[in-house]
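Novice: What follows is each chain in one-letter form.
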Amino acid sequence: MKYIDDFRDPDLAQGLARAIRAAVAPGRTYRFMEFCGGHTHAIARFGLEDLLPDSIRMIHGPGCPVCVLPVARVDAAIALATQHDVILCTYADLMRVPGSGFRSLTKARANGADIRMVYSVMDALAVARAHPDWQVVFFAIGFETTTPPTAVAVKQAAAEGLENFTVHCNHVLTPAAMRAILAGGTTQIDGFVGPSHVSAVIGTAPYDEFARDHGKPVVITGFEPLDVMQAVLHLVHQVNAGRCVVENQYARVVTAPGNAIAQALMAELFTLRDRFEWRGLGWVPNSALRLADAYAAFDAEARFALDLPRPTENKACACGDVLRGVKRPEDCGLYGDPCTPENPLGACMVSSEGACAADWTYGRFRRKAAG
Amino acid sequence: MCLAVPTRVTQILPEQMAEVDIEGVTKQISLALVDGVVVGDYVIVHVGFALSRLDPGEAAKTLALMAEAGLIA
Amino acid sequence: MSGHVDMSHGAGGRAMARLIDTLFLKAFGSGGAPHDAATLDLPPGRVVVSTDGFVIAPLFFPGGDIGSLAVHGTVNDIAMGGAVPHALTAGFILEEGLPLADLNRIVTSMAQAARDAGVTIVAGDTKVVERGKGDGVFITTTGVGVVPAGVTIDPTSAQVGDAVIVSGTLGDHGVAVMAHREGLEFGTDLVSDACNLNGLVGAMLTKVPDIRVLRDPTRGGLAAALNEIAQASRVGIEINETALPLRPQVRGACELLGLDPLHVANEGKLVAICAPERAEALLSVMQAHDKGRDAAIIGHVIDDPSHFLRMVTPLGGTRMVDWIAGEQLPRIC
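Residue numbers (my numbering), protein chains in the order written: chain A, 1 to 371; chain B, 1 to 73; chain C, 1 to 333.
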């Protein structure tokens with residue numbers, strides 16, 4: 001597969017592994033956070049940790065929009081589907097995420113709610129066109145990569161006068177989350193492996209503050225395992241040299257200004273929320289979007305009143321600490337028993353990018369071997 | 001962030017759509033977010049939308065840098 | 001054939017008898033009288049029996065339909081027991097409103113699949129449920145077969161050092177079916193690999209009668225099949241990702257949708273585990289058979305007290321291959 005297999009070449013991987021081994025300073029530990037769930041998945045899927053020296057510790061960040069969606073918002077999705085006569089359209093990732101009281105969209109659908117998985121928000125728009133007498137709600141999640149598609153759909157709905165289409169907006173912002181992680185103070189991170197496709201949209205400038213004000217190098221990194229390895233190498237070099245800049249390793253896709261069309265659409269269709277609750281990070285200011293006032297007619301939160309349960313989370317759930325890199329999955333008392341991908345108690349276990357799910361699914365054999 | 005794959009544009013379709021191909025699997029996706037795409041371009045596709053073109057020159061440069069890093073070590 | 005299934009077709013009266021005559025008996029032939037019990041004259045040997053329900057939607061997909069799948073699935077289950085399939089029964093639950101033309105197509109397809117496998121459908125049953133209570137049609141097939149002397153297929157018998165061999169490319173069926181699923185719709189000329197494997201198994205057992213384990217990796221894909229064997233035999237298994245036979249289109253579709261080909265269903269493939277000194281001979285007899293052309297040795301059985309399935313990735317790292325949790329769904333992350 002062009003531009004995919006090239007960046008999975010085993011010989012290049014061995015070369016980069018040698019280079020990293022040669023670059024790490026003896027006696028020093030390097031802690032790099034890969035912010036993005038896609039990177040967590042790539043690292044797990046290719047067994048990358050086997051190619052990195054022990055002195056490199058990869059910390060799995062909160063860049064998985066499913067993982068950081070708070071229970072209350074999951075409850076809202078379930079409520080929309082069960083309390084109102086709507087067709088709820090959602091990306092498949094959300095189906096098994098547990099809300100309060102062990103409810104989920106999958107279970108709601110089993111109980112008769114009309115919930116449909118879509119690959120693209122445009123499919124939800126098509127459902128709305130096909131059923132003008134029905135209310136169709138698109139449950140929008142995702143970081144800045146997934147937000148412009150929602151913008152295109154709402155703008156299209158407005159142009160067509162599709163009055164039965166609304167969006168429940170849960171789009172969240174990457175730099176704000178990175179700020180919140182660093183503000184937490186408890187994590188010790190030496191640098192960031194920066195997101196691939198969020199950066200294709202927002203460009204490189206938004207990361208400057210982390211290098212400049214927090215002293216953390218950021219390497220914007222491509223999606224393939226060789227990209228991650230090259231990023232680790234460059235982060236090691238920066239740390240060794242005491243340098244602190246934003247590098248763009250994914251220059252084949254990411255440009256410094258980013259995607260102007262996407263940015264303009266986001267600015268037109270959305271407004272910043274003052275604050276938004278993130279699973280694990282708590283309330284974070286200026287970290288999420290809602291539909292702009294001009295598009296209020298398409299806002300599901302304005303159209304549908306919801307009777308929501310008081311959100312409950314398992315007190316022993318350590319998702320918050322895991323998401324901030326303070327704890328490892330195996331440090332959570334629920335990990336593995338009873339919390340597993342079959343029976344997820346917290347969001348880190350539901351999405352395959354979640355730190356716990358990735359560790360359980362791809363990596364737990366290591367600990368069993370050791371212990 | 002987010003699952004997105006490089007695919008080759010095989011057809012430009014009306015209403016800002018395109019057909020893309022990856023290993024013989026084709027999908028119709030939206031070009032609403034990227035300008036000036038032509039047949040033969042590679043685009044990164046996420047949830048049914050092209051997000052960006054892929055620059056072959058930069059790809060080659062990145063691979064060359066990776067090879068170099070391995071040689072020096 | 002025009003018209004639709006209605007409640008009278010399941011009522012046991014004239015309408016039902018007519019349906020059986022003009023549709024079922026016509027297709028399945030006079031090898032038996034479906035809807036009676038059948039008497040079988042089985043050759044000597046241990047008897048293997050297997051049953052399976054088929055609920056696939058859509059009913060018709062590239063490379064097959066629920067009918068042919070219902071035959072292939074049970075024929076293959078019998079074959080995976082090391083047995084020669086002899087006869088099948090077929091139970092139908094029809095939904096009121098199913099077009100009779102569709103039912104005819106399905107039944108004709110079943111008959112062809114049975115002929116292809118060298119088995120007869122000897123008995124059956126028909127019921128009709130109200131509109132909304134079925135998915136068009138559900139089919140249950142039960143198969144009976146006899147194990148030849150000298151063959152002992154036993155899922156608990158895999159041993160450290162054994163070779164793990166697959167009969168061909170993985171993921172074809174699941175991806176072919178998914179391409180037509182509403183909401184996904186991607187273009188591909190991939191067809192389901194659904195087919196009868198009893199001929200291939202026969203050839204394999206003739207050459208290597210002491211094959212230890214056979215399994216067809218259907219729901220849950222190769223990952224489920226190998227994990228089951230590892231647990232049953234109390235061993236570990238290690239496979240090499242670069243050795244897995246995968247069609248480029250399956251790789252492409254999985255990348256596009258974020259799926260793992262190891263979790264995707266196959267309906268015309270098998271996994272065989274044999275002693276290491278038998279592996280080359282087994283591989284060549286498989287590759288010489290038209291259902292095993294792309295057969296490959298993909299790994300071996302190892303000692304592992306946790307009974308995990310692990311895979312060496314193309315980069316040389318290792319990762320676990322777990323059972324899939326829940327249904328395999330495309331992802332955005």
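It is worth saying that the hints were derived from the structure and are not from the lab. Every residue, glycine too, gets a C-beta built ideally from N, C-alpha and C. Some clues are possibly wrong.
To be verified - Computed list of chain C residues with no C-beta within reach of chain B, every gap over 12 Å:
hint: 1; residue: A11
hint: 2; residue: G29
hint: 3; residue: P248
Said to hold, decoys possible - Pairs of lysine-lysine residues, derived as DSS-like cross-links and limited to a Cα-Cα distance of at most 27 Å, are as follows:
hint: 4; chain 1: A; residue 1: K315; chain 2: A; residue 2: K327
hint: 5; chain 1: C; residue 1: K207; chain 2: A; residue 2: K107
hint: 6; chain 1: C; residue 1: K26; chain 2: C; residue 2: K127
hint: 7; chain 1: B; residue 1: K61; chain 2: A; residue 2: K155
hint: 8; chain 1: A; residue 1: K107; chain 2: A; residue 2: K315
Novice: The structure should be examined with respect to each hint, and the outcome stated for every one.
Specialist: Checked hints:
Non-interface status of A11 of chain C relative to chain B is upheld: no Cβ of that chain comes within 12 Å, the nearest being about 47 Å off. Distance check on G29 of chain C: its Cβ is at least 40 Å (rounded) from any Cβ of chain B, clearing the 12 Å threshold; non-interface status holds. With 12 Å as the threshold on Cβ separation, the claim that P248 of chain C sits away from chain B is violated: the shortest Cβ distance comes to roughly 4 Å. A threshold of 27 Å between alpha carbons decides the hint, and for K315 of chain A with K327 of chain A the separation of about 15 Å falls inside it, so the pair holds.
Restraint check for K207 of chain C and K107 of chain A: not satisfied, since their Cα atoms lie roughly 50 Å apart, outside the 27 Å limit. For the hint pairing K26 of chain C with K127 of chain C, the CA-to-CA distance comes to about 19 Å; that is within 27 Å, so the pair holds. For the hint pairing K61 of chain B with K155 of chain A, the CA-to-CA distance comes to about 38 Å; that exceeds 27 Å, so the pair is violated. Only pairs whose Cα atoms come within 27 Å are accepted, and K107 of chain A paired with K315 of chain A is accepted, the gap being roughly 23 Å.
Figure legend: structure checked against the earlier numbered hints; hints not met, in rising order: 3, 5 and 7.
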